[in-house]
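**Q** Those protein sequence lines, which keep their order, are chains L and W. For the first sequence, this note's numbering begins at 132 and goes up steadily by one. For the second sequence, this note's numbering begins at 443 and goes up steadily by one.
One or more hints might be untrue.
[Stated by the list, open to error] The calculated lysine to any residue pairs, modelled on SDA-like cross-linking and capped at a C-alpha distance of 25 Å, are:
#1 W:K999 to L:A173
#2 W:K999 to L:R276
#3 L:K277 to W:D939
#4 L:K277 to W:G953
#5 L:K277 to W:L517
#6 W:K952 to L:S287
#7 L:K277 to W:I973
#8 L:K277 to W:E801
#9 L:K277 to W:P968
#10 L:K277 to W:G1059
#11 W:K952 to L:T316
#12 L:K327 to W:S1005
#13 L:K327 to W:Q963
#14 W:K952 to L:R133
#15 W:K952 to L:R162
#16 W:K952 to L:G159
#17 L:K277 to W:H1000
#18 L:K277 to W:A933
#19 L:K277 to W:G1027
#20 L:K277 to W:D1026
#21 W:K952 to L:A192
#22 W:K952 to L:E205
#23 L:K277 to W:D1024
#24 W:K952 to L:D189
#25 L:K277 to W:S975
#26 L:K327 to W:P968
#27 L:K327 to W:D972
#28 L:K277 to W:T1009
#29 W:K952 to L:Q208
#30 W:K952 to L:Q284
#31 W:K952 to L:E228
#32 W:K952 to L:D174
#33 L:K327 to W:T1007
#34 W:K952 to L:K308
Keep in mind that the hints were calculated from the coordinates and are not lab data. Keep in mind the model is a prediction, meaning the values are calculated, not measured.
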Amino acid sequence: MRVIVAEDGFIRDLLVRSFPDYGLQVCGHARTTQELIQLVNADPPDIVTIDIAMPRSDPDAEPEYGAGVEAAREIRQTHPDVAILALSQYAEVPWAEEIASLGMAVGYQLKDRVQDMGALVDTMRAVAAGDIRIDPTLITALVARKRLNDPVQNLSAREREVLQLMAEGLSDAAIAKRLFLAASTVEGHERSVYQKLGLSGLRSDADGKPHINIRVMAVLAFLRSGRAAPVPLRNRPSASSPTMPA
Amino acid sequence: MVTADAGSGDAPGWHQGLSPDLVRCSGPVAAFRRWLSDIRRMTEGARGDGGDRRGVVRPYAAGVRVLGWPVVVGLFGVTFAVVAISASIDANPYPWWVAVPTQAVGLVFLAAGLFVWIRQRDGGRMGALMAAVGITWYAGDLQFSGDPMLFRVGFWLYHLNAVVLAHLLLAFPSGRLVRRIERITVAALYVSTLTTQGLRMLSERPLEPQGWGSPQGALSIWAPIGSVLGLGFTAVVLVLVVQRWRAEPRPARRARGLYWAAVTLIGAMIVAGSVASLARAPVPVQGVLLLLYAAAQSLLGASVLVGALRTQMAHQQVTRFLTRMNQRTEGGGALRDALAEALEDPSLTLHYRRADSGEYVDAHGMPAPLPTGPSRAVTWVTGSAGQPLAALVHDPFLTQQPQHRRRLDAVVTAASLALENARLNAENRAHLRGILDIELATRHRIRSMLHDGPQHRLSGIQLLVGQLRRSHGDEGAEPVLQQIAQELQAAVQDLRDVTEGIYPAILRTKGLEDALDSLAQRSPIPLVLDIASGRWPEYLEETVFMVISEAVGNAHKHAHATSITVTVHDDRGRLVAEIRDDGDGGAASNAHGSGLRGMRDRVAAHEGTLHIDSPPGGGTTVRAVLPCV
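With the rest of the complex left out, here is chain L (with noise of 0.2 Å):
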C-alpha cells in the first residue's frame, strides 16, 4: 500500500520511519497542503495521511486551521480514488464530520492513537478499502456527554455499544464481529437504537439500510447536538463506495 505523509511536526520523521516496517510504502512526505497537492498530483497514492492544522505553503508558516481540511477537499474531488486519513490534535466533532461528509474510504484519527502503530496501521488499511473509521475517543466523548432528557440513557450497553461502533464507522458485518453476535442481532440492536433516538429517517433507504457514510453523519449530528437531524438525509447526494486495492 502506497502512502503520503502530509505532517508538519516532526512526527513526520517518525511516520516515515516506521511505515515501512508494517508493510507500508511511503512514496512522498509533504510539510504544507501545497506540497501534498503536488505530489499527490504527480503520483497518486493508494493513501494519503493529513494533517488537518498545516502552513498551506510556507513550510515556516504556522499551520492554518482547517488547512487539512480544504486539502483533504480539494484531493477528494480531483483524485476521489485516493483514500484519506486525517490525522489530528483536535478532538473536534465538526471537522470529523467534514472528513466523513467526503465520502467513503476517509478517516478521522487523533495524534495519541500512534503509539499502537499497529492499531494506526490497521485504520489505515481500513480506510484504504473503502472504510470509513471515526477514532473511538472522539465517539466516546460523545456518547458520554451529558444531556438533560438524554434519549442515549434510555439505550442498553449493547445498543450503546453498538451506536458507539455504527458512529466510528463500522459496517454491521465489523460490528457483528467485533461483538461477537450474528449480523441479524446487531441489526436488530440498530433497529432499536434508530427508534430510541428518533432517527427513523434512516431506515428507509432503498435497500432498507443506511449507507455507511450517511449513517456516521446522522449518528455524528445527533451525538453532537442531542437531537436528530433536520434535513431529510436520504436526499443528499449519497457518496459511492470506490473499490479500493488493498
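Since chain L is already given, all that's left is putting chain W on it; use the hints.
**A** Below, chain W alone, put in the same frame as chain L:
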C-alpha cells in the same frame, strides 16, 4: 472653529476687508465716525450674529463704508424707479391691471435684493444682482420721459434688464459665475447689448421708443444685428442653464424647486413673447404675456428670498436640535445620525481622530479611515486649542454654496461640545477594544505555542514509547511502559483541554455554534444549548464565547449547578446571550466577583450590557446584550 477644505466657494479675502482704523482716530471727525460706526454695530447686532462682522462691508469709499452699499443702491433704485414710473405713466399702452403689477415687479425685486444683501451673510452678490434686475426693470420706461437725454439713456439700456436677469440666472445661488463659459457669455451679453443699442441710438433717426413685443422697425443695420446677437446669447444662456440643471445633484434640485420653476416659466415667457411679437398679436394678448413674464420674474425673486429665509430657519432649527444633543451625555452613532439629518446628507460619516495615534475611528472605536474620492468632501472639526478632533465626510454639495456652508458651519459649531465628548468616548472605546484585542491575540498565541510545541512533542514521545513497547517487548518493563503510555495519553488529553479552554481553535473557523457544542462536550455538567445558527462578526463571537465559557465555569465551580441552559439569539440587530443555571445563586456577593467584573468589562468594551440575576438559592442568570455594529 470650522474650516472647510473642499468646494470652490468664496475667496477668503472677501470677508476680510474691514479696516480697523475707524476707532483709532481722534478729533471731531473721528468722533463723528465713531458715532456712525456705533450705529452700524447696532444694526449688525440686530442681525443676530453678535460680534462677528465678517462679510458685511467692503473697504470702499468712507461714506459708502459708513452707509453701506445696500443703502446707497436702495436710495438710487427707488429714485430711478420713481422717475421712470412717473415718466411713463401716461404713455403706458396697457390697461391698469397689467400696468400696476408689472410696474411693481421692479420695486419688489429691489426690496428682495436689498433684504438678501443685508440679512444674509455672503448674500451681497446675489442681493446686488437682484437689486440690479429690479432697477433695470424701469430702464425702458425712461424712453417716455420728455427729457431727450433720459430718453436716450432709456433707449440705450432697454435690453439691460434681460441681460442682468441672464446674469442672475447663471450666478444663482452664490452670485458668482463659476464656469469660464458663463463668465464669457455674460460679459459678451453686456458688451453686445450696450454696443448694438448704443450704435442704434447714435445712428437711427428718428429714434422710436421700444416696448415689450413691439415690432422693431428696420431703422438701421444694428437693429437686426442686435436681435441676432440677442437670440444667439439667449440660446447659449438656455443651454448653460439646462446644463446646470442636469449637473445639479438631486437633493439640490429638490431644494431649489421654486427657482427651477421660475426659470422654466421665464424661458417659456420669453419664447411666447417672441412668438407673440412676430405674430403681431393684439395688445391685450401681449399684455397678458407681459403680466406672466412679470409673474415669472417675481417667482424668481421669491425663490431667492425663500432660499434665504429657509436657510435661516434651518439654522435655528438645527441649533435648537443640537443644543438638545449637547445636553445628552450619550454620543455614539446618535450624533452622526443627528448631523446627517440636520445637514440632509444621509451619506455623511463621522471620523474621530485618536489623539495618541492620529488614526481615525468611528463612534464605536472601530478603525474608520477617511474615505477618499471625488464624490466626498471633508470638513475638519478642531478643538478649542486648534487640535483636530474629527472629520465629517460628506457630499461636496454641502460646501459648494454659501448658504449650505453657513449651515454646515452652524451645525458643526453647535455640535462641537457633543463632538468633543463623542471623540473622547470613541477614543476610550478604541483603547478598550485594543486591550481586548491584545488579550485575545495573546490567548491565540499561547494556544498555538502549546499546540505546536508540547502537544506535538508529547505525540512524538507517545510514538517512541509505542515503538519501544513493540520492539523491546520486555516482561519486566512492560507494566511501567504501559503506565507511561497511559499517563502520556492523559497528559495529551489534559493539555488539549487546557489549550481549548484558553482559546477554542474551532471558534474562528467554524463559529459560535460549533465552539459551544465543543464546550458542551467538555463540560462536566449538561449544557442545554439553543444557539441561533449563522455567523456574527469575529469580535462578537469571541466576546460571547468568553462570557459563556466564564459563566459556565462559574456555575460549575462555585454554584454547584447540575444543569445549565445557554441560549444565543439575534434580537433586532443585537446579539443576546443568556446563561441560566440551577445552582446556589448569590453570585454578586460571593468570591468569584472578579470573574463577573471581567465579563462585564468585556461586554462593555463592545458597548453591550451585562445583567446578572442571582438570588441566593435561586440559581444564576447571566444575560449579555451586544449590539452588532
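**Q** Between the alpha carbons of K277 of chain L and D1024 of chain W, is the straight-line distance 25 Å or under?
**A** Between K277 of chain L and D1024 of chain W the Cα gap is close to 15 Å, so the pair holds against 25 Å.
**Q** Under the criterion that the straight-line Cα-Cα distance not exceed 25 Å, is the pair K277 of chain L, T1009 of chain W satisfied?
**A** Roughly 17 Å separates the two Cα atoms, so the pair holds.
**Q** K277 of chain L and D939 of chain W: Cα distance at most 25 Å?
**A** The hint holds at about 17 Å.
**Q** Is the Cα-Cα distance between K952 of chain W and D174 of chain L 25 Å or less?
**A** 32 Å, violated
**Q** Between K999 of chain W and R276 of chain L, does the CA-CA distance stay at or below 25 Å?
**A** 18 Å, holds
**Q** So if I understand the rule, the pair passes when the alpha-carbon distance is 25 Å or less; does K952 of chain W with S287 of chain L pass?
**A** Violated: K952 of chain W and S287 of chain L sit about 34 Å apart, past 25 Å.
**Q** Does Q284 of chain L sit within 25 Å of K952 of chain W, going by the straight-line distance between their CA atoms?
**A** 29 Å, violated
**Q** For K327 of chain L and Q963 of chain W, compute the direct alpha-carbon distance and say whether it is at most 25 Å.
**A** 21 Å, holds
**Q** When you check the alpha-carbon spacing of K327 of chain L and P968 of chain W, does it fall within 25 Å?
**A** 20 Å, holds
**Q** Is K952 of chain W close enough to R133 of chain L, meaning Cα to Cα at most 25 Å?
**A** Between K952 of chain W and R133 of chain L the Cα gap is close to 33 Å, so the pair fails against 25 Å, i.e. violated.
**Q** Mind checking the alpha carbons of K327 of chain L and T1007 of chain W for me, to see if they're no more than 25 Å apart?
**A** Judged against 25 Å, a Cα distance of about 24 Å means the pair holds.
**Q** Would you mind confirming whether the straight-line C-alpha gap from K952 of chain W to D189 of chain L stays at or under 25 Å?
**A** 24 Å, holds
Violated hints, in rising order: 1, 5, 6, 8, 11, 14, 16, 30, 32, 34; the structure is consistent with all others.
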